[in-house]
Amino acid sequence: MSVSGVGGAMSVDRVMQLRAQILERNQALARAGTTDAAAAPQSTKPGSFADTLDSALKQVNEGQNQAAKLSESYERGETIDIAKVMLARQQASVGFEATLQVRNKLLSAYKDIMSMPV
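Going by numbering that gives the first Met the number 0, the first residue of the sequence shown is number 0, and it counts up by one from there.
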């Protein structure tokens, strides 16, 4: 291997290290912003179960839509980081799987209640 090949590999490693540092800082800033918002007292009273379920389903749907938009943008060749696309798709997948698990637990509870003797 030539010296220029080694130098090229070292610069790629350096760029990847810088990218990782930037992503870490962005995550730290996002966590700091989330912590500040979570620390604020909430004066709203909790909604009904149906409202909570509806809100959760809307969030899962929004995550699915966002992942689809990012995927489409990446496929069109727009300047989007593949890591961002994959992260959005993974988050949407996890949200969907969690929704399925909640649905399964609700159905199981409903069946258990319906099979109880009166």
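Do not take every clue at face value.
Claimed, not checked - Heads up, simulated DSBU-like pairs for lysine-lysine below, C-alpha to C-alpha not over 35 Å straight-line:
#1 68 with 104
#2 57 with 83
#3 68 with 57
#4 104 with 57
#5 110 with 57
#6 83 with 110
#7 68 with 83
FYI, nobody ran anything at the bench for these hints, they're computed from the structure.
Checked hints:
1. 68 with 104: Status holds; Cα separation ~31 Å.
2. 57 with 83: Distance ~21 Å between residue 57 and residue 83 Cα, so the pair holds.
3. 68 with 57: Roughly 16 Å separates the two Cα atoms, so the pair holds.
4. 104 with 57: holds, 19 Å
5. 110 with 57: Status holds; Cα separation ~26 Å.
6. 83 with 110: This hinted pair is violated, its Cα atoms lying about 41 Å apart.
7. 68 with 83: holds, 12 Å
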